[in-house]
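J.: The task is simple: from the sequences and hints, build the whole structure.
Number of protein chains: 2
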Amino acid sequence: MISKEVLLNCCQRIQPFIHNTPILSSKSIDQKIGASIFFKCENFQRAGSYKIRGATNAILQLSQEQKYNGVVTHSSGNFAQALSLAAQSIGIPAHIVMPSSAPHIKKEGVLSYGGKIYECAPTVEARQKKANEIAAKTGATFIHPSNETEVIIGQGTAAYELLQVHPDLDIVFCPIGGGGLIAGTALYANYFSNTCMVIGGEPFEADDAYRSLKSGSIESNTTVNTIADGLKTTLGDKNFPIIKKHVSKIVRVTEGEIIDAMRLVWERMKIIIEPSSAVALAALIRDAQENKDMYKNRKVGVIISGGNVDLDNLPF
Amino acid sequence: MISKEVLLNCCQRIQPFIHNTPILSSKSIDQKIGASIFFKCENFQRAGSYKIRGATNAILQLSQEQKYNGVVTHSSGNFAQALSLAAQSIGIPAHIVMPSSAPHIKKEGVLSYGGKIYECAPTVEARQKKANEIAAKTGATFIHPSNETEVIIGQGTAAYELLQVHPDLDIVFCPIGGGGLIAGTALYANYFSNTCMVIGGEPFEADDAYRSLKSGSIESNTTVNTIADGLKTTLGDKNFPIIKKHVSKIVRVTEGEIIDAMRLVWERMKIIIEPSSAVALAALIRDAQENKDMYKNRKVGVIISGGNVDLDNLPF
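Residue numbers (the numbering used here), protein chains in the order written: chain A, 20 to 335; chain B, 20 to 335.
Simulated from the structure, these hints should not be mistaken for laboratory data. It is possible that part of the hints are untrue.
Copies of the same chain are indistinguishable here, so a pair counts whether it falls within one copy or spans any two.
Unchecked claim - Pairs of lysine to aspartate or glutamate, EDC-like flavour, derived with a Cα cap of 20 Å: (1) K156 with E144; (2) K268 with D189; (3) K86 with D256.
Model, not experiment: these values are computed from the prediction.
T.: Laid out in structure tokens, this is it:
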């Protein structure tokens with residue numbers, strides 16, 4: 020059982036290592052949706068996404084000996100950069116397993132934060148095998164990008180900061196990939212608000228969480244043909260029970276809706292958000308269209324998860 | 020002679036109608052340049068650029084009768100939207116002359132702010148002729164986008180806000196198009212700082228201001244083949260004397276440097292800036308490379324003039 024005190028301790032522990040990111044609003048988006056929207060901008064977070072929160076919390080919980088041996092993870096995306104930067108900030112080694120197919124720019128990011136890259140074949144099995152090998156060889160502690168209690172608790176601190184500023188939020192929207200962010204968000208919403216529901220946004224093209232909530236057990240993705248590259252992973256046994264208990268529903272969105280939401284934010288708010296973040300807004304737009312009355316005069320939070328976009332591969 | 024009091028009155032006058040925009044920094048850009056850079060983010064301004072400052076100041080100085088008859092301008096860019104929104108906020112009509120070739124999205128912007136569009140042929144003569152006709156017919160007051168004292172003073176308020184937060188700035192960089200922004204910036208830097216130099220950034224492809232400063236009289240552009248669409252216009256008789264007196268120098272940059280600077284801000288700062296804004300940063304990067312010692316431990320401001328980018332026509 021994760022207590023309120025555990026959550027508060029986490030917030031305090033990681034606070035020197037992370038940004039309390041700004042919360043932005045847009046009159047024209049408010050008008051479009053018919054509610055007051057508060058965007059928690061983790062695209063301005065260190066290493067460009069919320070992932071540094073969980074990575075930092077996990078590392079700070081290690082023993083001195085564990086710290087000495089460093090950490091290892093597998094990730095082709097934001098967690099790779101976040102763990103590298105968190106490890107660098109705390110002064111320990113980070114071993115990062117990345118598929119050989121990972122974009123050049125992501126590898127550069129990891130290297131610029133002092134992470135050591137190990138390439139593997141682009142399959143889940145190859146990733147895990149390689150990470151296990153490195154852990155055995157170096158003594159590094161394996162830290163999973165999303166299915167790890169300390170990581171989950173860390174990711175939720177973005178929602179905590181949002182609720183500190185807006186304690187009367189009615190709903191908060193999150194994207195769902197591996198499930199770490201939304202599980203963490205749901206924990207803080209549960210303990211620090213009497214009213215705030217948590218709703219997940221997920222692409223139709225990677226809707227494992229939607230189907231898992233329906234069936235009651237973890238389902239895998241049947242397709243992952245989505246622009247939201249951070250949301251292709253599946254739920255884990257640590258975060259799924261939390262999601263099942265505390266997440267109100269999951270709204271699925273089309274690729275077109277994701278691109279439209281991303282464009283809306285770029286054009287109106289003049290900030291760069293990645294496609295995975297746009298999924299949360301796209302879900303809000305869809306849900307507000309289907310349930311207009313539910314949103315009237317409501318205060319809605321949206322976790323903008325990150326801003327790491329490959330400018331050479333834009334959808335517009 | 021424009022006095023300090025005139026400038027302070029302007030700041031106070033327009034303050035209820037504009038945003039005091041955020042000032043952002045980037046560790047990695049500071050490291051790249053070897054100085055502390057403070058970006059005054061007018062891309063987050065109302066209507067997406069600093070232009071609303073001057074437009075608002077000009078409108079608020081009109082008599083009741085003039086207000087009743089409204090305002091007219093010619094602009095294919097940010098001033099068209101800014102004057103429309105400023106007029107709408109104050110409740111008066113805005114007549115906007117736009118070349119028939121103006122992008123659809125700019126026309127939509129003007130219409131969304133309640134401006135009335137009049138199309139003309141895409142030449143300077145046709146614009147001015149059409150604007151004169153409308154002024155004669157409607158009694159509307161013509162407001163020039165950059166060569167108008169009240170507009171110049173209004174545009175400079177962005178620099179005033181920056182100097183309020185960082186009174187010890189050593190240099191401030193601005194883009195130069197029609198000359199309104201940099202002339203206004205230079206006036207405030209002159210009155211509100213003992214140390215702050217003003218340097219302009221200009222594309223090689225539209226370097227009328229650079230050549231005007233060299234020759235001592237207003238030169239026209241020989242080419243305007245630049246991605247910085249806001250900087251194709253030339254200086255005017257109201258702003259040129261101010262620029263001549265108070266601007267230290269103008270640094271010209273290539274199209275490649277503009278695109279690189281724009282990309283740097285998008286990738287590192289996760290904010291959308293338009294190519295014309297990137298010109299100021301590109302000029303800073305070039306000048307800091309050529310004069311390393313001048314920038315060591317210095318505090319440098321950059322006016323990010325706007326964020327109105329056509330996402331269908333990106334250079335990357």
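J.: Does each hint fit the structure? Answer for all of them.
T.: Going down the list of hints, with the structure as the test:
no.: 1; hint: K156 with E144; in the structure: within (18 Å within a copy, 75 Å between copies)
no.: 2; hint: K268 with D189; in the structure: within (14 Å within a copy, 53 Å between copies)
no.: 3; hint: K86 with D256; in the structure: neither (26 Å within a copy, 66 Å between copies)
In this structure, only the earlier hint numbered 3 is contradicted, and the remaining ones agree with it.
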